[in-house]
Amino acid sequence: MSRTVVIDPITRIEGHAKISVYLDDTGDVSDARFHVVEYRGFEKFCEGRPFTEMAGITARICGICPVSHLLAAAKTGDKILAVKIPPTAEKLRRLMNLAQLTQSHALSFFHLSSPDFLLGWDSDPAKRNVFGLIDANPDLARAGIRLRQFGQTVIEKLGARKIHAAWTVPGGVRTPLSEESRQWILDRLPESFDTVNLALDLFKGMLDGALKSEINVFGEFPSLFMGLVGADGKWEHYDGHLRFTDSDGNIVADNLSEDDYANFLGEAVEPWSYLKFPYYTPLGYPDGIYRVGPLARLNVCDSIGMDAADRELQNLRDLAQGVPTSSFLYHYARLIEILTCLEHIQALMDDPEITSSRVRSQAGVNSLNAVGVSEAPRGTLFHHYKVDDNGLIESVNLIIATGQNNLAMNKTVTQIAKEYIHGIGDGQDIPEGFLNRVEAGIRCYDPCLSCSTHAAGQMPLHIQLIGADGNLLTERYRD
Amino acid sequence: MSVVTLKIDGVDVAIAAGSSVMQAAQEASVEIPRLCYLEGLSTVGSCRLCVVEIAGINKLLPACTTEVREGMDVTTQSPKLQDYRRMVLELLFGEGNHVCAICVANGNCELQDMAIAVGMDHSRFPYRFPDRKADLSHTQFGIDHNRCILCTRCVRVCDEIEGAHVWDVSQRGEFCHITSGLDQPWGDVDACTACGKCVDACPTGAIFRKNDTTGEKVGDREKLEFLVKARENREWVR
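Residue numbers (the working numbering), protein chains in the order written: chain R, 1431 to 1909; chain Z, 494 to 731.
For reference, chain R alone in the conformation it holds in the complex (with noise of 0.2 Å):
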């Protein structure tokens, strides 16, 4: 008789969510869902409001990474505008979001998933967290705190508040960067470094032997992958324009718009989760699976353009001898993202014209209908506006990472569930093995549910075993 094992809800991300695992008649996993269970509706109530007010509702998304709805807010209302922002808005833009995407890493890595690294897969689910990690490596654990502290205290300085803060408006930002927090940044940044150095030794160091096995089957699948690129290729996280590649390293479509993302973004929906299911028009879903995030933008990029961090990307690229697939170096991929974005906060904070007090163009409303683009830590983040004559919002569309990584966080866990469950029985329970793993597969894409749903909760282990039948065998919870 087959069965169905549900986990909800899951611990350590963001949001809420649940997962089924569906068994055959032979106890063996036959399919298995990641199902996202919030709902909030805000592209329905931002109608009426005007386009000025949306980087400040759209920041209430999410408490992780505001700054990058706040930015791609921004972008779309300078299109709206019309306007090209000054350079100087544009580098504090850059700024923030490269502070955001330090910060939102180093939770990632060093808050929610190290523990599993470090403690153990198979330790005390009680322990294995952050404050395990604490009792376990205190200097560790104080230095990743510290780097995400460093992140939050630079969006702080540019924007007056840690988290959202209303300092991106249409047409630049409010505010310039005074001389006294750049050098706070400056003094900042070498222990910053040396945390990331730090955590990059010590994760490489695994991946060649603690973690060797759960590079094949931690979400190790052909897909595409999408980012930002710069015009010549490089890495990017702020402008510049589309690209897809695939498993083989070819170049699937480039130079794209975001302006054009309803050509070849499609969003599918299934009955049994609140979370779109972005693919690749042309491929047809689902086989227009593709991936975004920080595994996605070292893949599509050619190179970073930072001394060390390319050096890291060569490495990473060495290790899966071409490009890298696993999803489980998502970890590895994030390391690298912060040593390249304190390499471009350095860059910044040695160009002159960071401190200009230039930083916002004015203008009415020039365009009636807006797409913004940026690459918040989890992907790339889509806002698409339609006003009035007036600015008054007609409709929203918002695309977010984390429900362009839903395909890929299905197909890894229906990956990790056929690795670990075999052969299960009537009465028997959910191996440990699994329930320790599965989470963590998901955790490798640092999902933001309350992003990806524009929805809020909180996510502690909850997994059911559901028969062929379709009655529940058994479940488990875990606060």
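No lab work stands behind these hints: they were computed from the structure. Check each hint, because a few of them may be wrong.
List time: in silico EDC-like cross-link candidates among lysine to aspartate or glutamate, alpha-carbon distance up to 20 Å [stated by the list, open to error]:
(1) R:LYS1474 / R:ASP1818
(2) Z:LYS703 / R:ASP1678
(3) Z:LYS703 / R:GLU1586
(4) Z:LYS626 / R:ASP1818
(5) Z:LYS703 / R:GLU1824
(6) R:LYS1816 / Z:ASP652
(7) R:LYS1474 / Z:ASP628
(8) Z:LYS703 / R:ASP1819
(9) R:LYS1474 / Z:ASP624
(10) Z:LYS626 / R:GLU1477
(11) Z:LYS626 / R:GLU1473
Add chain Z to chain R, keeping to what the hints say.
Frame of chain R; chain Z shown alone:
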């Protein structure tokens, strides 16, 4: 000019006959919460936030529209008044759609200030979430009816100081709203001189400059009082 004497919170005050209790309180440096009252404009007593207790009168009276009388004994602060004022504010918040986090007036809003002053940390009344619109048809300014508390400062400042009379109050009860011209989009009202006095007078983020984003609105309310006194005294020194 005859003068009357009265007590405000036990303090003796002498003020010109015909003055309001609100003016007498200001003379005595006593702050009375208010929203519809704005120095330099006529008084309407619509917000009921400035209600005070007067010895010998068994109902609460608004300080802004109550004239001083010889020997009056006025109390501006008491638990009963605090309760009433808090209730008034809870009803104002419940009646509209006030979302401070994204409001242009966040941090510079008299409704916020009053809520803090009376200790309103939550509302005991359910929010109505009315379906109200914003009008951005004016080239420089916008009005968001979600944030309007119907204090009518804009109506009065436009009529009494600017002399353009763009604004009026339309309909009644839950449908009551501020209207421009003959219920036209603001941008179509020829009478509007785009002086911006209504932006300065508005106590909330209901009327704002179009490029303002969260917390960027700064209303220069003292400018309006200055204009009135400058015209009266023929002195334009601020």
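Here is what the structure says about each hint:
1. Of the pairs offered as hints, the one joining LYS1474 of chain R and ASP1818 of chain R holds, with about 16 Å between alpha carbons and a cut-off of 20 Å not exceeded.
2. Straight-line distance between C-alpha atoms of LYS703 of chain Z and ASP1678 of chain R comes to about 50 Å, which puts the hinted pair past the 20 Å bound.
3. Distance hint between LYS703 of chain Z and GLU1586 of chain R is unfulfilled; the C-alpha atoms sit about 26 Å from each other, more than 20 Å.
4. Straight-line distance between C-alpha atoms of LYS626 of chain Z and ASP1818 of chain R comes to about 13 Å, which keeps the hinted pair within the 20 Å bound.
5. A C-alpha spacing of about 17 Å is found between LYS703 of chain Z and GLU1824 of chain R, which places the hinted pair at or below 20 Å, so the restraint holds.
6. Restraint check for LYS1816 of chain R and ASP652 of chain Z: the C-alpha separation of about 36 Å exceeds 20 Å, so the hint is violated.
7. The suggested pairing of LYS1474 of chain R with ASP628 of chain Z holds, with an alpha-carbon distance near 19 Å, which does not exceed 20 Å.
8. Annotation: proposed proximity of LYS703 of chain Z to ASP1819 of chain R holds, straight-line Cα distance about 13 Å (limit 20 Å).
9. As the CA atoms of LYS1474 of chain R and ASP624 of chain Z are separated by approximately 13 Å, the hinted pair is consistent with the 20 Å bound.
10. Taking the CA atoms of LYS626 of chain Z and GLU1477 of chain R, the gap is about 10 Å. The hint holds against a cut of 20 Å.
11. For the proposed pair LYS626 of chain Z and GLU1473 of chain R, the alpha carbon gap of about 17 Å is at most 20 Å, so the pair holds.
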